[in-house]
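Asker: The letter at position 73 of the sequence shown is residue 73 when you use our numbering, and the numbering goes up by one with no holes.
A few of these clues could be false.
[To be verified] Cβ-Cβ distance ranges computed for the label pairs, FRET-style:
| no. | residue 1 | residue 2 | range |
| --- | --- | --- | --- |
| 1 | D344 | R114 | 15 to 23 Å |
| 2 | S319 | G161 | 45 to 53 Å |
| 3 | D144 | Q317 | 40 to 48 Å |
| 4 | P104 | N20 | 34 to 42 Å |
| 5 | D122 | Y186 | 15 to 23 Å |
| 6 | K187 | P143 | 24 to 32 Å |
| 7 | E332 | E7 | 38 to 46 Å |
| 8 | L92 | S301 | 16 to 24 Å |
| 9 | E207 | A2 | 48 to 56 Å |
| 10 | P213 | E185 | 18 to 26 Å |
| 11 | K126 | D90 | 15 to 23 Å |
| 12 | Q345 | A2 | 47 to 55 Å |
I should point out that these hints are in silico values taken from the structure, not numbers from a laboratory.
Don't be surprised by glycine CBs; every beta carbon is placed ideally from N, CA and C.
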Amino acid sequence: MAYIAAESRYASMQYRRCGNSGLQLPLLSLGLWHNFGDTVPIERQRAMVRTAFDRGITHFDLANNYGPPYGSAETNFGRLLREDLKPYRDELIISTKAGWDMWPGPYGQGGGSRKYVLASLDQSLKRLGLDYVDIFYSHRFDPDTPLEETAGALATAVQQGKALYVGISSYSAGKTREMARLLAEYKVPLLIHQPAYNMLNRWIEGELLEALPEIGAGCITFTALAQGLLSDKYLNGIPANARVNQPGGGSLQASHLSEANLAHVRALNAIAARRGQSLAQMALAWVLRHPAVTTTLIGASSPEQIIENVGALTNLQFSAEELAEIDGHAVEGGINLWEKPSTDQHV
1 MAYIAAESRY ASMQYRRCGN SGLQLPLLSL GLWHNFGDTV PIERQRAMVR TAFDRGITHF
61 DLANNYGPPY GSAETNFGRL LREDLKPYRD ELIISTKAGW DMWPGPYGQG GGSRKYVLAS
121 LDQSLKRLGL DYVDIFYSHR FDPDTPLEET AGALATAVQQ GKALYVGISS YSAGKTREMA
181 RLLAEYKVPL LIHQPAYNML NRWIEGELLE ALPEIGAGCI TFTALAQGLL SDKYLNGIPA
241 NARVNQPGGG SLQASHLSEA NLAHVRALNA IAARRGQSLA QMALAWVLRH PAVTTTLIGA
301 SSPEQIIENV GALTNLQFSA EELAEIDGHA VEGGINLWEK PSTDQHV
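When you get a sec, could you build the whole thing from the sequences and use the hints?
Answerer: Put into structure tokens, the structure is as follows:
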């Protein structure tokens with residue numbers, strides 16, 4: 001049966017303007033980093049995408065190497081676009097990225113070179129079956145490539161009509177300001193920055209979150225749930241279906257599940273319970289509390305998880321007392337896998 005989107009899809013979702021642009025994004029966006037590769041049945045992927053859009057999630061976030069295997073998330077989402085979402089293309093914000101390793105040889109190992117960035121975008125468009133993406137990102141800072149070259153490649157993507165907007169991910173505040181200045185020379189604004197941010201990884205607080213409003217850029221955070229750590233999944237041990245045990249799930253490491261981290265997670269879970277929320281819902285609300293955050297990405301392995309996450313929007317307010325108590329447990333957990341590019345280092 002052909003998919004018909006829910007008429008009520010915009011009834012409860014909230015949207016925020018992205019920086020100084022005219023673009024509005026939903027408070028929750030669906031990330032296709034995990035669970036949209038070839039290891040997940042296409043019908044489950046279809047159910048998650050439909051569930052998200054039916055609840056007003058209009059933004060779907062990809063990258064060239066999402067899967068596993070690399071490229072498969074774009075290919076699978078491209079199929080869902082053709083079969084389900086094609087009539088709604090103008091209601092969707094679709095993003096992809098280039099920056100990490102993707103194909104063999106010296107030109108596909110990632111970074112910010114013009115050769116790699118633009119070749120990757122062309123490959124992504126073919127997999128997605130699209131003429132353009134709404135947002136195209138430099139996925140990481142590359143200290144081996146002049147930032148002028150990366151900025152020029154992003155500007156070319158806009159000038160060629162292959163991207164409506166451009167963004168960056170995991171850049172330091174200093175390089176973010178520099179990228180904004182370089183793009184402005186092409187009259188292409190830096191729309192958005194995508195950093196990791198959650199209660200156990202607060203690196204963006206301070207300089208980066210101060211820089212983004214200054215340059216007129218929005219912020220879309222990822223790993224708000226710390227890859228499931230800030231949920232009820234690990235409160236009583238490591239379940240067999242945990243990401244750490246799944247194909248492509250190596251980004252969640254055993255060290256992240258330290259007893260110190262889990263003790264903080266349990267304490268945060270108790271605070272969430274008093275708020276009438278699940279821990280995941282509180283973790284999403286906490287990220288969105290900051291006015292510089294436009295939206296946050298959610299990852300999901302089932303439609304039910306998406307529905308639970310959307311429930312976070314019914315309670316986004318925190319008292320000063322709650323925030324102070326959360327601060328006692330929202331401490332550095334050693335889980336920032338993207339620290340090197342965000343501090344201008346080699347990966």
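Asker: Now look at each hint and say whether the structure bears it out.
Answerer: Each hint tested on the structure:
Checking the proposed 15 to 23 Å range against D344 and R114 shows it holds: the Cβ atoms sit about 20 Å from each other. Under the hint 45 to 53 Å, the C-beta atoms of S319 and G161, about 48 Å apart, fit the expected range. For the pair D144 and Q317, the supplied restraint of 40 to 48 Å holds, since their beta-carbon distance comes to about 45 Å. At about 41 Å, the beta-carbon gap between P104 and N20 stays in the expected band of 34 to 42 Å.
In this structure the hint that D122 and Y186 lie 15 to 23 Å apart at CB holds, the actual value being about 20 Å. A hinted range of 24 to 32 Å for the beta carbons of K187 and P143 is consistent with their spacing of about 27 Å. Between E332 and E7 the beta carbon distance is about 45 Å. The supplied range of 38 to 46 Å therefore holds. Taking the beta carbon of each, L92 and S301 are about 22 Å apart, inside 16 to 24 Å as hinted.
Judged by the Cβ atoms, the range 48 to 56 Å given for E207 and A2 holds: they are separated by roughly 49 Å. Between P213 and E185 the C-beta distance comes to about 21 Å, which sits within the given range of 18 to 26 Å. Restraint check, K126 to D90: a C-beta distance of roughly 21 Å satisfies the suggested window 15 to 23 Å. Checked against the given bound of 47 to 55 Å, the beta carbons of Q345 and A2, roughly 49 Å apart, stay inside it.
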